[in-house]
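Could you build the full structure based on these sequences and the hints that come with them?
Per this note's numbering, the sequence shown runs over residues 574 to 635.
Just so you know, the hints here were simulated from the structure itself, not pulled from any lab data.
Note that the structure is predicted; figures quoted are calculated from it, not measured.
Positions of the beta carbon are idealized from the N, C-alpha and C atoms, including for glycine.
Don't take each hint at face value.
Now the in silico label distances, taken between C-beta atoms and shown as ranges [what the hints assert, rightly or not]:
#, residue 1, residue 2, range
1, 600, 576, 17 to 27 Å
2, 635, 615, 25 to 35 Å
3, 604, 635, 46 to 56 Å
4, 592, 624, 14 to 24 Å
5, 620, 585, 11 to 21 Å
6, 631, 608, 26 to 36 Å
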Amino acid sequence: MEQDEFWILLFILGSVLLNWPVLSLATGGGGPLGHFTIIVYLVAVWLMIILFAYLFDRWTSN
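Right, dumping it as structure tokens:
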């Protein structure tokens, strides 16, 4: 996978995972832990995107 393709894929992945319908699925019905689960979901998605970008950069910089 070339670098341009990877950045486009990462952008699309972030757009889908941080889109409102997907975020509303993470709330779990709006119970008392709804805000906690949405924060955990957001942090997990951001960490995953950062990790993918870091690993791809390390892999292509050889």
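Taking the hints in turn, this is what the structure says about them:
Between residue 600 and residue 576 the CB atoms are about 35 Å apart, so this pair departs from the stated range of 17 to 27 Å. One distance hint, 25 to 35 Å for the beta-carbon pair residue 635 and residue 615, holds here, with the actual separation near 32 Å. Hint check: residue 604 to residue 635, Cβ distance near 47 Å, so the stated range 46 to 56 Å holds. Checked against the hint of 14 to 24 Å, the pair residue 592 and residue 624 passes, with Cβ atoms roughly 20 Å apart.
A C-beta distance of roughly 18 Å is found between residue 620 and residue 585, which places it inside the suggested range of 11 to 21 Å. Judged by the Cβ atoms, the range 26 to 36 Å given for residue 631 and residue 608 holds: they are separated by roughly 35 Å.
Hint check: a violation occurs at hint 1 only; the rest are consistent with the structure.
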